[in-house]
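> One-letter residues, chain by chain:
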Amino acid sequence: MRELVARYLSHSISRRGFVNGLTKAGLTATAAQSVLGAVTSVSLAQGAGTTTTPYTPQGNATAPVPYLPHDADAPARAPSAIAGVKPFQGTGGAAFAEQLIACGVKYVFGNSASEDAQFYEALVDRPQLKYVLTPHEGPGAAMAAGYIKASGEPAVVMQAGVVGMVNAMGQIFNAWKEQTPLVVYSYRTDQSRRAGRDGFEEVANQEQLAQPITKYTWLARRPDMIPETVRRAFKAAWTPPFGPAYISWHSDYNDDRVRTDIIAQQQFDPRMRVRPNPDEVTSAAKLLVEARMPLLIVGDEIYKAKAAGMAVKLAELLGMPVTQVRQLYANFPETHPLWVGNTPAANLASLTFPKNPDVVINVGNKFQHNGAAPIVPRGPKFIDMRIDFASMGNVMLTEVPLVADVALGLDDLYGAVEQLMTPALKAKAHERAAEVRKFAEQARTLRALVVNNPEWDNSPLIADRVTYEIAKFSDPDAIIVHEAGSVAMHSFDFDPRGGRELFFYYGSHLGSGVGTAAGVKLARPNQQVICLVGDGSFIFGPTALWNMARLELPVIVVVYNNHAYSGPHSRVVANVPSGRMVQTGQFVHDYLGNPDMNMADIARGFGVNGEVVETPAQLREALARARAHTVDGKPYLLDVQVARRGVGWAEKPWVPPIRLAEIRQKRV
Amino acid sequence: MKFLLLAAGLMWGGLVLAAPVLAQDAGPQHPGRAVVLSKCFQCHTDAMFRDQRQDRRAWEATIYRMVGRGALWTPEEIKVMADYLGAEYGTAAKPAASPR
Numbered sequence: 001m002r003e004l005v006a007r008y009l010s011h012s013i014s015r016r017g018f019v020n021g022l023t024k025a026g027l028t029a030t031a032a033q034s035v036l037g038a039v040t041s042v043s044l045a046q047g048a049g050t051t052t053t054p055y056t057p058q059g060n061a062t063a064p065v066p067y068l069p070h071d072a073d074a075p076a077r078a079p080s081a082i083a084g085v086k087p088f089q090g091t092g093g094a095a096f097a098e099q100l101i102a103c104g105v106k107y108v109f110g111n112s113a114s115e116d117a118q119f120y121e122a123l124v125d126r127p128q129l130k131y132v133l134t135p136h137e138g139p140g141a142a143m144a145a146g147y148i149k150a151s152g153e154p155a156v157v158m159q160a161g162v163v164g165m166v167n168a169m170g171q172i173f174n175a176w177k178e179q180t181p182l183v184v185y186s187y188r189t190d191q192s193r194r195a196g197r198d199g200f201e202e203v204a205n206q207e208q209l210a211q212p213i214t215k216y217t218w219l220a221r222r223p224d225m226i227p228e229t230v231r232r233a234f235k236a237a238w239t240p241p242f243g244p245a246y247i248s249w250h251s252d253y254n255d256d257r258v259r260t261d262i263i264a265q266q267q268f269d270p271r272m273r274v275r276p277n278p279d280e281v282t283s284a285a286k287l288l289v290e291a292r293m294p295l296l297i298v299g300d301e302i303y304k305a306k307a308a309g310m311a312v313k314l315a316e317l318l319g320m321p322v323t324q325v326r327q328l329y330a331n332f333p334e335t336h337p338l339w340v341g342n343t344p345a346a347n348l349a350s351l352t353f354p355k356n357p358d359v360v361i362n363v364g365n366k367f368q369h370n371g372a373a374p375i376v377p378r379g380p381k382f383i384d385m386r387i388d389f390a391s392m393g394n395v396m397l398t399e400v401p402l403v404a405d406v407a408l409g410l411d412d413l414y415g416a417v418e419q420l421m422t423p424a425l426k427a428k429a430h431e432r433a434a435e436v437r438k439f440a441e442q443a444r445t446l447r448a449l450v451v452n453n454p455e456w457d458n459s460p461l462i463a464d465r466v467t468y469e470i471a472k473f474s475d476p477d478a479i480i481v482h483e484a485g486s487v488a489m490h491s492f493d494f495d496p497r498g499g500r501e502l503f504f505y506y507g508s509h510l511g512s513g514v515g516t517a518a519g520v521k522l523a524r525p526n527q528q529v530i531c532l533v534g535d536g537s538f539i540f541g542p543t544a545l546w547n548m549a550r551l552e553l554p555v556i557v558v559v560y561n562n563h564a565y566s567g568p569h570s571r572v573v574a575n576v577p578s579g580r581m582v583q584t585g586q587f588v589h590d591y592l593g594n595p596d597m598n599m600a601d602i603a604r605g606f607g608v609n610g611e612v613v614e615t616p617a618q619l620r621e622a623l624a625r626a627r628a629h630t631v632d633g634k635p636y637l638l639d640v641q642v643a644r645r646g647v648g649w650a651e652k653p654w655v656p657p658i659r660l661a662e663i664r665q666k667r668v
Numbered sequence: 001m002k003f004l005l006l007a008a009g010l011m012w013g014g015l016v017l018a019a020p021v022l023a024q025d026a027g028p029q030h031p032g033r034a035v036v037l038s039k040c041f042q043c044h045t046d047a048m049f050r051d052q053r054q055d056r057r058a059w060e061a062t063i064y065r066m067v068g069r070g071a072l073w074t075p076e077e078i079k080v081m082a083d084y085l086g087a088e089y090g091t092a093a094k095p096a097a098s099p100r
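Quick mapping for you: the protein sequence lines, in order, are chains A and B.
Using my numbering, you'd call the opening residue of the first sequence number 1 and step up by one each time.
Using my numbering, you'd call the opening residue of the second sequence number 1 and step up by one each time.
Just chain A, same shape as in the assembly (with noise of 0.2 angstroms):
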């Protein structure tokens, strides 16, 4: 029967041929007739565009304009006869509710806006879909981005017009450095009817403001291609390399009343998993197991395709050390004998060992060049695992491109070196693995090392302190969102196998991290969330802090708060060495303190308990009370006292002269 369906809506049988199958399949005439008449109407939806009331302006110009002529006595179109098709007729609004619920979205994370009315009033009957309210869309955004990164699952952000887009945008910037599949929704202001002068909040080509930083940016044309264009966002986002699509229509087109097909998300998913060409697998594991000492780099695609642990098979079959470069996951368990650290200065030059690897694979990083000089220089063989193919030999020589599905990849590379592995090879693997884990060895007690500064019970405390208070603090399965750029993330022994997970950023539009944390925490409800941020970058985005709050997330905040941009100022100084900033102590753009601010206080406004801490006894204290508030369901936060550290910096630094109350001649 499905069969005749797919034709008769094909027009490839008439509507005799149509009836006199399903006789023929065992229905009576009066049952055919009825499927008929069901058939019928997915059919005219299916064609609603070109054989329905064509789109005309009419009434006056302010009253919603019907797309199909609003009939409220219409019968109930009937149920589709066709799987994940779904027949829908109501207002837009509705509709994009509709198809988001059949694309998998559980939450939406917005921020309110009178022209999403209809769609507001559609949740109140779908309570399947969930209304995050996010006070700013900055951090809503962030909520959002968290929320997909830690489920794996899809969401939509959703804010008014161009005010509401471009508060998103630094947001939406960040997903798409990150390669997050983040849709973003805002209508256009202008009505469809009123549209081109210049009318509230109204700018022309809106979209256009989000293209650079989208994979994907695309209108409904008309009020019934609303679902449409939510199902190309979310295939295009989701669809590898993942990264954010916008899209948008005019704000009238929630309100008419539309006849459309609401597609559940497997009928037009692509389902993208790529394995890599086996020629280049062959010259990869060729490569691989003729080198004298190979160099794996991890990065996010193998967190993103949970192949963390094909990664350590195919580097322990190869007894082959393994490194990261900048990510925003811990890509591989560094307690593993073969972790020879993350590359401390982004250029393979940097690491300690292995000093001169003649073949060098990356599976999955992105590589962020920071520099002039290649992260992976001219020299090794350098073979390159990803499926982000566009980003590709644009920087580094690749001597073998595999382009995959990283999990798949790395599937089919462990076959291939499996099969080329003699037992003179195994005996090299086995002795190079030896080298590398004796310098594993002596890297791990180094590093412990740290605890030895002769600042580490210094109050306020160094930054290293705090970080490794909290290490020791943590759960083994703890998730550490970390937006503290100048702070260095030791002593955690991140393990995406299970163990403590990593959350960074990679986009550095700031703000991020109290967002990020809380929608990581909707997401993994049983796991402990501990949010590290600077000050410069908390106050930037505190109002997650709320959410946390109102939604009951238990999230650790924990600011590092030296009153200063310390990653500016240390830069600026590069800058400009022994210039007249560093001669004066003249610094315009560094420092937050004078008056300081309070953090504790400022999460207190949004419903959140927290302190302030200045010594390290009291850090341990601290924790112990954010833990218990945890338990209980609430979340807490630390306003750590940090001393600042680095070249100009004075005990009491110099604010800019800017004094209103000398040339202020009324007091008023």
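Worth flagging that the hints you see were computed from the coordinates, not collected in a lab.
Warning: the hint list may mix true and false statements.
Taking lysine-lysine and the DSSO-like style, the derived pairs with C-alpha atoms no more than 30 angstroms apart in a straight line are [said to hold, decoys possible]:
1. A:Lys634 <-> B:Lys94
2. B:Lys39 <-> A:Lys355
3. A:Lys438 <-> B:Lys79
4. A:Lys86 <-> A:Lys177
5. A:Lys355 <-> B:Lys79
6. A:Lys306 <-> A:Lys472
7. B:Lys79 <-> A:Lys472
8. A:Lys106 <-> A:Lys86
9. A:Lys472 <-> B:Lys39
10. A:Lys355 <-> A:Lys428
11. B:Lys39 <-> A:Lys438
Please build the complex by placing chain B on the supplied structure of chain A, with the hints as guidance.
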């Protein structure tokens, strides 16, 4: 003179590099100087050393901060570097000349 960028990455690329100007007029060279040259300039320019004036304890703390960032140095290496930097770049050392 303004920038003496010394990264081992460039050495790996086969480029010929100038040696950093680092307390060259200190007479017989302190054993810590060679260690600083070999350990610090993988990531830093000499601006850090030209502009920073602090006592030995503070230099030692600075070095340990680098340990937190992944630097792998033995206690002996850390000691000799702190000795050198405290002696040559202590609070009494004259400030660096402006490059401009």
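> Could you grab the alpha-carbon distance between lysine 438 of chain A and lysine 79 of chain B and see if it respects the 30 angstroms cut-off?
24 angstroms, holds
> Can the restraint linking lysine 79 of chain B and lysine 472 of chain A be considered satisfied, given a maximum Cα separation of 30 angstroms?
27 angstroms, holds
> Need the status of pair lysine 106 of chain A, lysine 86 of chain A: alpha-carbon distance at most 30 angstroms?
18 angstroms, holds
> Given the hinted pair lysine 355 of chain A and lysine 79 of chain B, is their Cα-Cα distance within 30 angstroms?
24 angstroms, holds
> Lysine 39 of chain B and lysine 355 of chain A: Cα distance at most 30 angstroms?
13 angstroms, holds
> Hint check: lysine 306 of chain A vs lysine 472 of chain A, CA-CA at most 30 angstroms. Holds or violated?
26 angstroms, holds
> Is it true that the CA of lysine 634 of chain A sits at most 30 angstroms from the CA of lysine 94 of chain B?
Violated, at roughly 54 angstroms.
> For the pair we were handed, lysine 355 of chain A and lysine 428 of chain A, check the Cα-Cα distance against 30 angstroms.
Holds: lysine 355 of chain A and lysine 428 of chain A sit about 18 angstroms apart, inside 30 angstroms.
> Against the 30 angstroms threshold, does the CA-CA distance of lysine 86 of chain A and lysine 177 of chain A hold or violate the hint?
This hinted pair is violated, its Cα atoms lying about 36 angstroms apart.
> Check whether the Cα positions of lysine 39 of chain B and lysine 438 of chain A lie no farther apart than 30 angstroms.
Status holds; Cα separation ~21 angstroms.
> Sort out whether lysine 39 of chain B lies within 30 angstroms of lysine 472 of chain A, counting only the CA atoms.
It holds: about 29 angstroms lies between the C-alpha atoms, which stays within 30 angstroms.
When each numbered hint is compared with the structure, violations occur for hints 1, 4.
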